[in-house]
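Q: No gaps in the numbering here: position 24 of the sequence shown is 1205 in our numbering, and each next residue is one more.
Note that these hints are calculated values from the structure, not bench results. Incorrect hints may appear among the rest.
Capping the alpha-carbon separation at 20 Å, the derived lysine to aspartate or glutamate pairs in EDC-like fashion look like this [stated by the list, open to error]:
| hint | residue 1 | residue 2 |
| --- | --- | --- |
| 1 | K1265 | E1285 |
| 2 | K1295 | E1279 |
| 3 | K1270 | D1254 |
| 4 | K1270 | E1285 |
| 5 | K1259 | E1279 |
These numbers come from a predicted model, not from an experiment.
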Amino acid sequence: MNPTLKQTGQKWLKWAVQNPKKFFIYSMILLSVSFVISLIQGIFFPSDTTFKIKPPILYSKNQTAQTALVNNDKEMEKIVNELKLLKMKRDHQELRKEDSLRIEYLFNQFQKLKNGR
1182 MNPTLKQTGQ KWLKWAVQNP KKFFIYSMIL LSVSFVISLI QGIFFPSDTT FKIKPPILYS
1242 KNQTAQTALV NNDKEMEKIV NELKLLKMKR DHQELRKEDS LRIEYLFNQF QKLKNGR
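Build out the structure end to end from the sequences listed, making use of the hints.
A: Next comes the structure, spelled out in structure tokens:
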């Protein structure tokens, strides 16, 4: 550590111990100014990343969230129907290598939709 920095820190600490009232006053002024600046920044220059957390779809009153849920259900239904067709193909022993890849892909898509991505 830089010796001058260490000496400066010790000097400030010694001053704070010798003048507790002034130290308290300066600290409160600094905290108050910091609070006011933070309020001004929050009001006039709000952050874009505020409230990015979305509530669960089950509790949302938003129409887009409900339509997304309906779209997921429709997509899952399509996947299930296609898997049923592939199952029938398997029962007739007509599966090909491409079909097994398609089954794996459909299963993964179904899991993603079921778990909410």
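Q: Confirm or reject each hint.
A: Against the structure, the hints:
1. K1265 x E1285: With a Cα-Cα distance of about 13 Å, the restraint between K1265 and E1285 holds, given a limit of 20 Å.
2. K1295 x E1279: This hinted pair is violated, its Cα atoms lying about 24 Å apart.
3. K1270 x D1254: 24 Å, violated
4. K1270 x E1285: 15 Å, holds
5. K1259 x E1279: Distance ~19 Å between K1259 and E1279 Cα, so the pair holds.
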